[in-house]
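Novice: Input sequences plus hints: build the corresponding full structure.
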Amino acid sequence: AQSVSQHNHHVILSEAASLELGCNYSYGGTVNLFWYVQYPGQHLQLLLKYFSGDPLVKGIKGFEAEFIKSKFSFNLRKPSVQWSDTAEYFCALRGNNRLAFGKGNQVVVIP
Amino acid sequence: DTGVSQDPRHKITKRGQNVTFRCDPISEHNRLYWYRQTLGQGPEFLTYFQNEAQLEKSRLLSDRFSAERPKGSFSTLEIQRTEQGDSAMYLCASSWDGSSYNEQFFGPGTRLTVL
Numbered sequence: 104a105q106s107v108s109q110h111n112h113h114v115i116l117s118e119a120a121s122l123e124l125g126c127n128y129s130y131g132g133t134v135n136l137f138w139y140v141q142y143p144g145q146h147l148q149l150l151l152k153y154f155s156g157d158p159l160v161k162g163i164k165g166f167e168a169e170f171i172k173s174k175f176s177f178n179l180r181k182p183s184v185q186w187s188d189t190a191e192y193f194c195a196l197r198g199n200n201r202l203a204f205g206k207g208n209q210v211v212v213i214p
Numbered sequence: 019d020t021g022v023s024q025d026p027r028h029k030i031t032k033r034g035q036n037v038t039f040r041c042d043p044i045s046e047h048n049r050l051y052w053y054r055q056t057l058g059q060g061p062e063f064l065t066y067f068q069n070e071a072q073l074e075k076s077r078l079l080s081d082r083f084s085a086e087r088p089k090g091s092f093s094t095l096e097i098q099r100t101e102q103g104d105s106a107m108y109l110c111a112s113s114w115d116g117s118s119y120n121e122q123f124f125g126p127g128t129r130l131t132v133l
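Line order of the protein sequences matches chains A and B.
Per our numbering, the very first residue in the first sequence carries number 104; after that it's consecutive.
Per our numbering, the very first residue in the second sequence carries number 19; after that it's consecutive.
A few of these clues could be false.
[Said to hold, decoys possible] Here are the computed lysine to any residue pairs in the SDA-like style, where the Cα-Cα straight-line distance is at most 20 angstroms:
(1) Lys181/A x Ser106/A
(2) Lys29/B x His146/A
(3) Lys181/A x Pro214/A
(4) Lys206/A x Asp188/A
(5) Lys164/A x Phe175/A
(6) Lys152/A x Glu169/A
(7) Lys75/B x Ser106/A
(8) Lys206/A x Ala85/B
(9) Lys206/A x Gly116/B
(10) Lys206/A x Thr56/B
(11) Lys164/A x Arg201/A
(12) Lys206/A x Arg129/B
(13) Lys161/A x Phe123/B
(14) Lys75/B x Gly198/A
(15) Lys161/A x Asn120/B
(16) Lys206/A x Ser76/B
(17) Lys152/A x Arg49/B
(18) Lys29/B x Gly144/A
(19) Lys29/B x Val132/B
(20) Lys206/A x Thr189/A
(21) Lys164/A x Lys174/A
(22) Lys206/A x Glu62/B
(23) Lys174/A x Thr189/A
(24) Lys206/A x Arg77/B
(25) Lys152/A x Gly58/B
(26) Lys152/A x Glu62/B
(27) Lys29/B x Gly198/A
(28) Lys206/A x Phe123/B
(29) Lys206/A x Ser45/B
(30) Lys89/B x Ser45/B
(31) Lys75/B x Ala104/A
(32) Lys152/A x Glu121/B
(33) Lys32/B x Arg49/B
(34) Lys75/B x Ala85/B
(35) Lys152/A x Ile115/A
(36) Lys161/A x Glu121/B
(37) Lys75/B x Gly156/A
It should be emphasised that the hints constitute simulated quantities derived from the structure, not laboratory data.
Specialist: Next up, the structure:
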């Protein structure tokens, strides 16, 4: 079975602050990991993905994530957030052709 | 717009009624997925198709739920005898399994409210 857990469901921070969202997974096979973002009123969009190779992956809008196999983690980071980063962020694991999502992090950036 | 589209965007129904949702995937995508998302949760997998074949169904998909993709293009998800617990956002996604990453692209969802 595959599962994903995300912590700190609600995050409030000021513009220019740094953001880190935790993601831990459980899966016995080869992991493909994703972070999706859902801006208010919009549908899920892919931020970044990890399949293999360099464990530090860069995505759109200045986001990056680091895959640490020994910790079963895939944490998302952004050094300096903007008001436009207000959104819900979901970590997901693909196994057996399906995506398993975490519960999400609701991030609010205060101008 | 060549993204995934879903219709309707919102549906309000009374308990016991049947509802049907439609998903139109990105045209060249051969895989189509249905997920359900309830408040405070991430999307949960329901089922997926490769062309017209339904290859996998989640245990979440009770016998009141049925999905079809008759010509390998659009798909429908029907819920019979709706219950209040069926209230959720129903998401459709599509992908092309010939690509290296098989990235899933999501539609805007259909929000179902069962009164």
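Novice: Each hint: holds or not?
Specialist: Evaluation of the provided hints:
no.: 1; hint: Lys181/A x Ser106/A; in the structure: violated (24 angstroms)
no.: 2; hint: Lys29/B x His146/A; in the structure: holds (17 angstroms)
no.: 3; hint: Lys181/A x Pro214/A; in the structure: holds (16 angstroms)
no.: 4; hint: Lys206/A x Asp188/A; in the structure: holds (18 angstroms)
no.: 5; hint: Lys164/A x Phe175/A; in the structure: violated (25 angstroms)
no.: 6; hint: Lys152/A x Glu169/A; in the structure: holds (10 angstroms)
no.: 7; hint: Lys75/B x Ser106/A; in the structure: holds (17 angstroms)
no.: 8; hint: Lys206/A x Ala85/B; in the structure: violated (25 angstroms)
no.: 9; hint: Lys206/A x Gly116/B; in the structure: violated (29 angstroms)
no.: 10; hint: Lys206/A x Thr56/B; in the structure: holds (10 angstroms)
no.: 11; hint: Lys164/A x Arg201/A; in the structure: violated (26 angstroms)
no.: 12; hint: Lys206/A x Arg129/B; in the structure: holds (18 angstroms)
no.: 13; hint: Lys161/A x Phe123/B; in the structure: holds (19 angstroms)
no.: 14; hint: Lys75/B x Gly198/A; in the structure: holds (14 angstroms)
no.: 15; hint: Lys161/A x Asn120/B; in the structure: holds (18 angstroms)
no.: 16; hint: Lys206/A x Ser76/B; in the structure: holds (18 angstroms)
no.: 17; hint: Lys152/A x Arg49/B; in the structure: holds (19 angstroms)
no.: 18; hint: Lys29/B x Gly144/A; in the structure: holds (17 angstroms)
no.: 19; hint: Lys29/B x Val132/B; in the structure: holds (8 angstroms)
no.: 20; hint: Lys206/A x Thr189/A; in the structure: holds (17 angstroms)
no.: 21; hint: Lys164/A x Lys174/A; in the structure: violated (26 angstroms)
no.: 22; hint: Lys206/A x Glu62/B; in the structure: holds (10 angstroms)
no.: 23; hint: Lys174/A x Thr189/A; in the structure: violated (28 angstroms)
no.: 24; hint: Lys206/A x Arg77/B; in the structure: holds (19 angstroms)
no.: 25; hint: Lys152/A x Gly58/B; in the structure: violated (23 angstroms)
no.: 26; hint: Lys152/A x Glu62/B; in the structure: holds (19 angstroms)
no.: 27; hint: Lys29/B x Gly198/A; in the structure: violated (31 angstroms)
no.: 28; hint: Lys206/A x Phe123/B; in the structure: holds (19 angstroms)
no.: 29; hint: Lys206/A x Ser45/B; in the structure: violated (30 angstroms)
no.: 30; hint: Lys89/B x Ser45/B; in the structure: holds (12 angstroms)
no.: 31; hint: Lys75/B x Ala104/A; in the structure: holds (15 angstroms)
no.: 32; hint: Lys152/A x Glu121/B; in the structure: holds (9 angstroms)
no.: 33; hint: Lys32/B x Arg49/B; in the structure: violated (32 angstroms)
no.: 34; hint: Lys75/B x Ala85/B; in the structure: holds (10 angstroms)
no.: 35; hint: Lys152/A x Ile115/A; in the structure: violated (25 angstroms)
no.: 36; hint: Lys161/A x Glu121/B; in the structure: holds (16 angstroms)
no.: 37; hint: Lys75/B x Gly156/A; in the structure: violated (32 angstroms)
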